[in-house]
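K.L.:
Below, each chain spelled out in residue letters.
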Amino acid sequence: MTTAPLDKAVPLDKPKLSHTVVFWIGFCAVMALLIVAPLVLTEYWRRFLTEILIWGLLAMSSDLLIGFTGMVSFGHSAFFGLGMYGAAGALLTVHSPNLWLAILSGLAGAAGAALFVAYFSTRLRDIYFAITTLIFSQIFYVIIFTWTPVTGGENGLIFTRPHLWIPFIYDARFTTTTMHWFVLAVVTASYLILRRVTQSPFGMVLQSIRENEPRTRAIGYPVERYKMVSVMLSGLFAGLAGVLYAVQNEFAAPDFVYFLTSGDTVIFNVMGGIGTLVGPIVGAGFFQLMRELLARLFGDQFPYLIPLGIIFIAIIIFLPQGLLGFARRWLNR
Amino acid sequence: MGAIAQFFQAIPLDLIIIQTVNGIVTGMILALIASGLTLIFGIMDVVNFAHGELFMFGAYIGVLVIAATGSFWLALVGAALIVAILGAALQIVTLRPLIGRDPLNTILVTFGISLVLQNYALWQFGPVARKIPEPIESHFTLFYLQYPWYRILIAALSAAIIGGFWLFLKYGKFGVWIRATTQDRVMAQAMGIPVPLVYTGVFAIGAAMAAASGVLFAPLVGVNHTMGLDWVLKAFIVVVVGGMGNLGGSIAAAIFISLLESYATIWVDPSQAVIVSFVVLILTLLFRPTGLFVSTPR
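These protein sequence lines are chains E and C, in that order. Oh and the first sequence: position 186 is 186 in the working numbering, straight run, nothing missing. Oh and the second sequence: position 28 is 28 in the working numbering, straight run, nothing missing.
Treat each hint with caution, since some may be false.
What the hints assert, rightly or not - Here are some chain E residues pointing at chain C (derived, C-beta under 10 Å): (1) L305; (2) I311; (3) I315; (4) P320; (5) L323; (6) G325; (7) A327; (8) L331.
Stated by the list, open to error - Quick partial rundown of chain C residues pointing at chain E, CB under 8 Å, derived from the structure: (9) P103; (10) F140; (11) T141.
Claimed, not checked - Computed Cβ-Cβ distance ranges for the label pairs, DEER-style: (12) E/M290 / C/V77: 36 to 44 Å; (13) E/I158 / C/R179: 52 to 60 Å; (14) E/A172 / C/P97: 32 to 40 Å; (15) E/Y170 / C/R288: 39 to 47 Å; (16) E/G153 / C/T141: 46 to 54 Å; (17) C/T290 / E/L101: 41 to 49 Å; (18) E/W165 / C/R288: 50 to 58 Å; (19) E/I193 / C/V77: 53 to 61 Å; (20) C/I266 / E/W165: 50 to 58 Å; (21) C/L197 / E/A32: 56 to 64 Å; (22) C/D45 / E/S200: 30 to 38 Å; (23) E/V36 / C/R288: 40 to 48 Å; (24) C/V21 / E/Y119: 44 to 52 Å; (25) C/Q6 / E/W165: 41 to 49 Å.
No lab work stands behind these hints, which were simulated from the structure alone. It should be emphasised that the depicted structure is a prediction, and the values quoted were computed from it without experimental measurement. We treat Cβ as the ideally placed atom computed from N, Cα and C, and that holds for glycine.
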């Protein structure tokens, strides 16, 4: 039996776009959209988009715990709030306010809170972890709310925004456009770092803790230490989100340390899809857009959390992977 | 040593006794809330985030029933019944589909329920606190205070409800089912106990207990839509300190923590006294992570 020589190329040999190329093309497309967006949008929507990015960063930081380590944190408001107050402290006490100093100080505040929470709550698992993080965030709330001489108590702290200062290159007041670009740069950098972390050997150990903690321990990984580092890393990025929010809005308020912020963070995660890193940003966008839509349709007094809460419950029951869940494997490859 | 002796002499004995009474009263309310929470956890592995909202809803229904009928006792029973039905409905609609999934899903769902209920209350009743009049207005003299009998009655009633519940668990047919399901779910099912029904029933009972404590407590503070979260947090602390799913431990921890908090208010502001319970929680987590009142750490 003879085979005739093939006169045309086998279709399988046609070079298929590799996953990496598609991913980075998609990434660049989304980035291009987000970079151009402030030039097109009105002032209101520009701020709106910037805030979605900030909430997205907060939710993304918590995704490291929920989606990758398998620990649901109900205490991210503490890290977010400490980031805010840390930035406020640096901007109010130093004679010439400096953006980078504010970021450093906010990160230090969040790291302190994260160390405290990580040390105690990683002793516990699952539900116990969720409850203790919630209670710890309330500790910080009570301290900030009652320590009026330092934190301004109920009124919070008000400060003026520092200049956008890049050494030797750029020094000017923030406009809403440059603010958006700055936030976008920070959020993108955080996304890339977190993506790298979750794909690193360290991230693999975290995922193995999520899948089977006793086995991971049996293999010989110091599970507690991994969990602590994961909580601290997550807390740092949450603190970064807090700094951005403080700089964007020029205040630090105890409301943001309150439990509701943590609750929102969890909602963004679940809606967008846990374990995807970009899902939480999509979730934050979906949540804020729905909220805006409901307010436009039914007036400002409309209790938007009732329909959103019902959507949230429905998503958990019927779509546990979230809006972006279908792309989870693909995004993490 | 002199300083310490001076410190102890500086503690006013009358204040201590007053705060002890206060602590026991709030402790009994807290025990009533926490026992519902710990019961639901012990049997269903569900951390009921919405427990505080059921407490709040009970108080609001109490307000409505009192406005309609004028009877406090009718309000107490009515609120417990209505919230029990609400709890059963919530369990069937939202928690039943989650059986067999990761228990973390239940904390998320009940958190969603608490958001919906809290915002519904805000929308329906507005942000202004409502007041329930005390059903008994007589007082007795405790040192320089006119102490209301009603507070003593709260403690007694809470103790009676918890006691009645304990008897029900011990001797009632449904109570035996509940205990059997706690011990071994699969075996209970194999012996013909309708486990899904037990789940719904337990959730309803826990909800009713929360509602009853809401009505009982309402005359002391006034009813508003945020009261749930404060109490559910305290109840969580109590349940963790007492040992998750351990009914006796929760009751002991409730009284213990309330006493400590009310002693702390002798020296600091009430809003800061909460920190005492946080400290107890941290110490418990450090040294006895399974709970203070569990005999042997597992």
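K.L.:
Confirm or reject each hint.
P.N.:
Each hint, compared with the structure:
Checking E/L305 against chain C: minimum C-beta separation of about 4 Å stays under 10 Å; hint holds. Interface restraint check for E/I311: the shortest CB-CB distance to chain C comes to about 9 Å, inside 10 Å, so the restraint holds. Given hint, E/I315 at the interface with chain C, holds; its Cβ is 9 Å from that chain's nearest Cβ, closer than 10 Å. For E/P320, the interface hint holds, since its Cβ comes within 10 Å of a Cβ in chain C; the closest pair sits about 7 Å apart.
For E/L323, the interface hint is violated, since its Cβ never comes within 10 Å of a Cβ in chain C; the closest pair sits about 15 Å apart. Using the Cβ-Cβ criterion of 10 Å, the hint placing E/G325 at the interface with chain C is not satisfied: the shortest such distance is roughly 14 Å. At its closest, the beta carbon of E/A327 sits 21 Å from a beta carbon of chain C; the interface hint therefore is violated under the 10 Å criterion. For E/L331, the suggested interface contact is broken, since its CB lies about 21 Å from the closest CB of chain C, more than 10 Å.
With a cut of 8 Å, the hint placing C/P103 at the interface with chain E holds, because the nearest CB-to-CB distance is about 6 Å. Contact between C/F140 and chain E, as hinted, is not supported at the beta carbon level, the nearest pair being about 34 Å apart and thus beyond 8 Å. The interface hint given for C/T141 is broken, as the beta carbon of that residue sits about 34 Å from the closest beta carbon of chain E, more than 8 Å. The supplied range of 36 to 44 Å is met by E/M290 and C/V77, whose beta-carbon atoms lie about 40 Å from each other.
With their beta carbons about 57 Å apart, E/I158 and C/R179 fall inside the hinted range of 52 to 60 Å. The hinted range of 32 to 40 Å is not satisfied by E/A172 and C/P97, whose Cβ atoms lie roughly 55 Å apart. In this structure, E/Y170 and C/R288 break the distance hint of 39 to 47 Å, their C-beta atoms being roughly 56 Å apart. For the pair E/G153 and C/T141, the supplied restraint of 46 to 54 Å is violated, since their beta-carbon distance comes to about 37 Å.
For the hinted restraint 41 to 49 Å between C/T290 and E/L101, the CB-CB distance of approximately 45 Å keeps it satisfied. Our hint of 50 to 58 Å for E/W165 and C/R288 holds, since their Cβ atoms are close to 51 Å apart. Distance hint check for E/I193 and C/V77: the Cβ-Cβ separation is about 58 Å, which falls inside the suggested range of 53 to 61 Å. Taking the beta carbon of each, C/I266 and E/W165 are about 51 Å apart, inside 50 to 58 Å as hinted.
Taking the beta carbon of each, C/L197 and E/A32 are about 57 Å apart, inside 56 to 64 Å as hinted. A hinted range of 30 to 38 Å holds for the C-beta pair C/D45 and E/S200, which are about 34 Å apart. Separated by about 57 Å at the C-beta atoms, E/V36 and C/R288 break the suggested range of 40 to 48 Å. At about 37 Å, the beta-carbon gap between C/V21 and E/Y119 misses the expected band of 44 to 52 Å.
A hinted range of 41 to 49 Å is violated for the C-beta pair C/Q6 and E/W165, which are about 56 Å apart.
Hint violations for this structure: numbers 5, 6, 7, 8, 10, 11, 14, 15, 16, 23, 24 and 25, all remaining hints satisfied.
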